[in-house]
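Undergrad: This is what each chain is made of:
Protein chains: 4
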Amino acid sequence: MTATASGQAGPAAITAPLGVAVVGHSFMGKAHSNAWRNVSAFYGSPAVAQRIIVGRDPGRAAAAADRYGWAESATDWRRVLGRTDIHIVDICTPGQLHAGLAVAALEAGKHVLVEKPLANSVAEAELMTAAAERAAAGGTMSMVGFNYRRVPALAQARAMIAGGRLGELRQLRIAYLQDWLADRAAPMTWRLRRETAGSGALGDLASHAVDQVHFLTGACITGVSARLSTFVPEREGPSGPEPVTVDDAVWATLQLDSGAVVSLEASRCATGRKNALQIEAYGSRGSLRFDLERINELHFYDAEAPDALQGAARILVTEPAHPYVEAWWPPGHVLGWDHTFTSQAADFLSAIAGGRRPEPSFADGLAVQRVLAAIESSAAKDGAAVGLPVSGPPSSSSTEAAGEAR
Amino acid sequence: MTATASGQAGPAAITAPLGVAVVGHSFMGKAHSNAWRNVSAFYGSPAVAQRIIVGRDPGRAAAAADRYGWAESATDWRRVLGRTDIHIVDICTPGQLHAGLAVAALEAGKHVLVEKPLANSVAEAELMTAAAERAAAGGTMSMVGFNYRRVPALAQARAMIAGGRLGELRQLRIAYLQDWLADRAAPMTWRLRRETAGSGALGDLASHAVDQVHFLTGACITGVSARLSTFVPEREGPSGPEPVTVDDAVWATLQLDSGAVVSLEASRCATGRKNALQIEAYGSRGSLRFDLERINELHFYDAEAPDALQGAARILVTEPAHPYVEAWWPPGHVLGWDHTFTSQAADFLSAIAGGRRPEPSFADGLAVQRVLAAIESSAAKDGAAVGLPVSGPPSSSSTEAAGEAR
Amino acid sequence: MTATASGQAGPAAITAPLGVAVVGHSFMGKAHSNAWRNVSAFYGSPAVAQRIIVGRDPGRAAAAADRYGWAESATDWRRVLGRTDIHIVDICTPGQLHAGLAVAALEAGKHVLVEKPLANSVAEAELMTAAAERAAAGGTMSMVGFNYRRVPALAQARAMIAGGRLGELRQLRIAYLQDWLADRAAPMTWRLRRETAGSGALGDLASHAVDQVHFLTGACITGVSARLSTFVPEREGPSGPEPVTVDDAVWATLQLDSGAVVSLEASRCATGRKNALQIEAYGSRGSLRFDLERINELHFYDAEAPDALQGAARILVTEPAHPYVEAWWPPGHVLGWDHTFTSQAADFLSAIAGGRRPEPSFADGLAVQRVLAAIESSAAKDGAAVGLPVSGPPSSSSTEAAGEAR
Amino acid sequence: MTATASGQAGPAAITAPLGVAVVGHSFMGKAHSNAWRNVSAFYGSPAVAQRIIVGRDPGRAAAAADRYGWAESATDWRRVLGRTDIHIVDICTPGQLHAGLAVAALEAGKHVLVEKPLANSVAEAELMTAAAERAAAGGTMSMVGFNYRRVPALAQARAMIAGGRLGELRQLRIAYLQDWLADRAAPMTWRLRRETAGSGALGDLASHAVDQVHFLTGACITGVSARLSTFVPEREGPSGPEPVTVDDAVWATLQLDSGAVVSLEASRCATGRKNALQIEAYGSRGSLRFDLERINELHFYDAEAPDALQGAARILVTEPAHPYVEAWWPPGHVLGWDHTFTSQAADFLSAIAGGRRPEPSFADGLAVQRVLAAIESSAAKDGAAVGLPVSGPPSSSSTEAAGEAR
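Protein chains in written order, with UniProt numbering: chain A, 1 to 406; chain B, 1 to 406; chain C, 1 to 406; chain D, 1 to 406.
The following block holds chain A by itself, in its conformation from the complex (with noise of 0.2 Å):
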């Protein structure tokens, strides 16, 4: 560690290969695991050693460690932060903990990766957006883990907005459905508790929904008009029926500085829909489909093409010209949903690499949090609109430039 103007840490120095700390290991330190280990062979250098898995139980930590591949497990995170070989923390634990684990290990100068949403509060997201900032001024990088902006067809439909490909961009329809809460049967859990989960689809769903319209358009969000909904209100608990305290499903729509609307639903009782999130954007000259149950495809449709030739194109997104592509096999072999985590992992650590600010930042997770804030207010004043400020655009529309800056 190297002391900086900013009195923190700075980060660790690096030595080839970067060494990498995962907490938890239930879906996301699996899913997260799975990335650290074939990063590397995909993307080249800088090479990582996945050094420590951490849990509170000993014994899943250590059958977690021998079977995603790490070197060591461990029980206290805080030990953990004094290493040196250790340069990255990614942080897959429940939401509540992600505020104090963050801020910790920024603090002790490890570039940090935080599974999405960023917090479980605007309070927390707020929080630990200062100390990435502090952080930063010392060369110590941060993330929020929203994924599916390395979705190919999701970083192409960027590009051929920002390309100018849809002309103005007047609409945005964007669903994200799944049906696991649509048995009236599904069991209580903690996910349907609002002081451990924060909020129900509204968190878990939506918050990817506004990531990517942040992503795919660059726009700020400045005023939201919404509903939540519970369609279940009470569920079988461990000790007897309990009541649901988060919402079934939410509806929004929300204005965008540029004067385009987006209409925003998102349920986990949409019965039949597994994972599908679905994202339509209307332009002038254009528009696009995409939905994540055929994670490979992007439509697109050209007004401007011959009248008679006009149809959206199903675009396979797997030729070298794609977005992330190339790290990995021919046209037409098509990526699954954990390939999205490798090439999160690669863009992070690009950017640590490079000196950059990695894209999405604790910012990007604030300006989410904001949002789903915004909603749950409009929600509880029965959809009446309310206001966001214009806090100017978010990072995912800044340059690349941005980390020369430093």
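It cannot be assumed that every hint is accurate.
Any copy, or any two copies together, can satisfy a pair, since identical chains are not distinguished.
Below, simulated SDA-like cross-link-like pairs (lysine to any residue); rule was C-alpha separation at most 20 Å, straight line [unchecked claim]:
(1) K381 x A305
(2) K381 x G259
(3) K381 x Q96
(4) K381 x T222
(5) K381 x T245
In case anyone wonders, no lab produced these hints; they're calculated from the structure.
Chain A is already provided as a structure; the job is to place chains B, C and D on it using the hints.
TA: Leaving out everything else, chains B, C and D in the frame of chain A:
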């Protein structure tokens, strides 16, 4: 005509075939003419005679009569109402003429079919509904032309929902997307002026969507939160740039008395969508999906199928077991958009012959109008929810036995 | 009738409207009646009069006349040929009657439309083609009813191929799949007996496929390798089990004189396919895809689009820029199966009025028949290739100017 | 190694983890390396150690080792066979090296996995199969890498067919379409020379299709009728234009001993198709449809569903109830192309650990080779049918109990 208790003229005595007059000969006049020309060939009796077509311009009316199979043409609809060989008046004029024409025709003892939307305002619709009630007491029938109720796939969907195939219905997603106004250079027309068209995508497209909510669910809309936008505020008119005074797009969430929530979006700027009335219905036991651009298909997800076999089945709605299909062609020989009007005419004739009140009634048209008004009202209040009275189920949920009460 | 150089009766002098007689009143009689009833409304002049429908059973013929809009009915087609108010004879009978009827009608100076396939044998088709040639010399026109040439998407496909959009055409994949014989319990009918039906899926379905090869490519089929199968060799007839003497399915590869190769498959046992005429055409510059069950769509892949944007565009073939569409409805208002017959009638009338020879001609029908015969011959030789003479391009590749040569 | 009755070296004694050597480090070497790197993380024990990667060029081999996670690299595979810490040899070289390498490795007591197709000729495949039989007697296992057997949707399809869900299977339609040779300017490579590649689309693509016929149906192919074409007979090589001596496309019909017929088409000139292995299976009770470009989906039509509800269900094959899925992610979190190799490695390891003979065996690979040879032979005889001996069902139809016979 026979005197009735209500003092009004009763329906003209039926001497087969029923004589029809249509008022209007542009887009809708052509579509309705097609229906009257073909209804007997597919649905049998009662036979109809295409007596007369009415239009303002004598030359164009005569040409339309010649082309579309009408025996005569006329320019004054009032004189038509006096003819005893006319039993049905079919109104295909612009909306502002609906009320005057329909009330006069009903009072003259003619059965009346009115193109949707029923009227340009709630007040007009109320007037018409009252007239329809009086006429019905004397056996004179009326109907509003929400032709999509006769799409076999949607009639099948309604039957499945009513039969419990979806279980408890929770979410509907309805979008009606077209793109003929996406091009900024599309010229000013009467459809873009509030004084002539009443509203934009709202009355033109969302009216169909709202009627489908009533039709498919049999439930009442009790509250509305909405937004309207006009993306292109000025267009080139015959004498230079002119302000557009109607909406280009509308978004709403509708609360149903059943507890279900509907998201609704309609736009005439959705580049690449030509006539996409898209409906998704999610229930506890299954879900349905429909797109008017693929009018012969209905997708049904059965959540009670064996786990490994669950998937949305693409039902080609061309089997004899499906509504309306038996009148047409063998399986796989698909129908088009215009067939819905022929089936609509058949339903109207069948109700008249059977002494039943046809659906959707003027009261159903009025129910739609009230929702459209609530949408405008909520949009004017920046999305704040606007309530609607629970007025008893619209006729669409009534049983066929309703007619027998007479 | 006027005397002509060939000594045959010339076409009846046209006094508007043209009088039409249809022979046959079951499935095809209903479809053709629909076409004659509507053709003037959509395509304008020349107007037609539905004079008479002919059937063996007087009661059923009279009922069909009443229902389908014909002025009269008759049981003896020979007497119809003598009437001077009949200008067009439309033959919708089973195949074994085509030749006798068509030749007699042509010799009586009537324009003749014959349902596909032209005949049950090459010999009959040759006879008919010779008669058609003689009649044409005197201005009497003839056409065979391959109605799918009037599917807007397929006419659009043909224009694109002819215009070079696909570059050098290399492979066609054509399947025509139905499933009404998949159930072993489906009963014996005349369609499953060789003496009445000629063949099975071959004549019924593959004939359309072969005509599309001619229509879409303008090339000649020079060689055939094929196989036939009957999966259910016996079915329950009116008096017990009976052998099925036609094919349930056919497979063939066709060599074109252009160097392209066509794979063809037709079946009436393809469970789940209702009327799936599926066509794929692959060329050096692009490809096309079509499915009759989605009759309004054509998928076009443009290999010359920018790399990252290449994808098969789903063209909704409902624009004024597309063939036939302008006669019907606005964009997105889809057509069905029966509209192809109306457009076919319009093309026939237009050719008669313009003194052009309509397409597909009897010679085109004969060309199809020869390919079907070669398929049977190859199948009998266990797949060994059977050659076909290059007979010059079928008329489908001729220019419209052909008519002017008269 | 232990001596066995057959006098061959038996399998190396297993001391966990199993040591793996891979030969080859280009496309397939990368894909197989990925499998070995990840198999333990998803499928658990037996664990494997990535010992060594072998390649001709020492520098490139070392780089591959570094990148893909191998402990060492080497240039001489013969020396690798002598190492006692290597238990598995995975052959990813061009086809002409398969036989020599595989036989030597088996004789050295190594378990062997060979990329498909098994060999470049029937003679080589026979040699390899004999060696595999001898080795198996001593407990040394072998497998050929038809990785698409591990696509969850195809494994699910096989289970459904075996379980009778399709009833009597009648028709299969299989196409494997790519387009990387559609452009006439695509350069000459070793894949387009007969001496190096054996054949073109036939060995490269049709081999997968033929293996799927065996895998899905468990039936034997008893006869073949086929055609081959080379659309672009000359391409630009390193020293000027060179003749292409392999096929661009192949068409065949295959007769199964069950009575079913398969149509097969493979092409590398099918513009717009990137990796489209498309399979349709039609039976008396239902049908299935699959496209490798949508690797997570299987479409199932159940002909025994109620009439009005029949339709092809799009099954998203990502449920725990589906084959292989449980090892990966929750429902809707889709897999990609490379996951099939990881599952293939898992199956291989599980068979080794359980003392069962893995599938597809070299005998299965030989069976495919014989069909490919018959296709070439039929094509050389202009499509005349070529018979194949019924050799008993390939191992793919054997039960798991097969392994117990040891």
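Undergrad: Could you work out which earlier hints the structure fails to respect and list their numbers in ascending sequence?
TA: Structure breaks hints 1 and 3.
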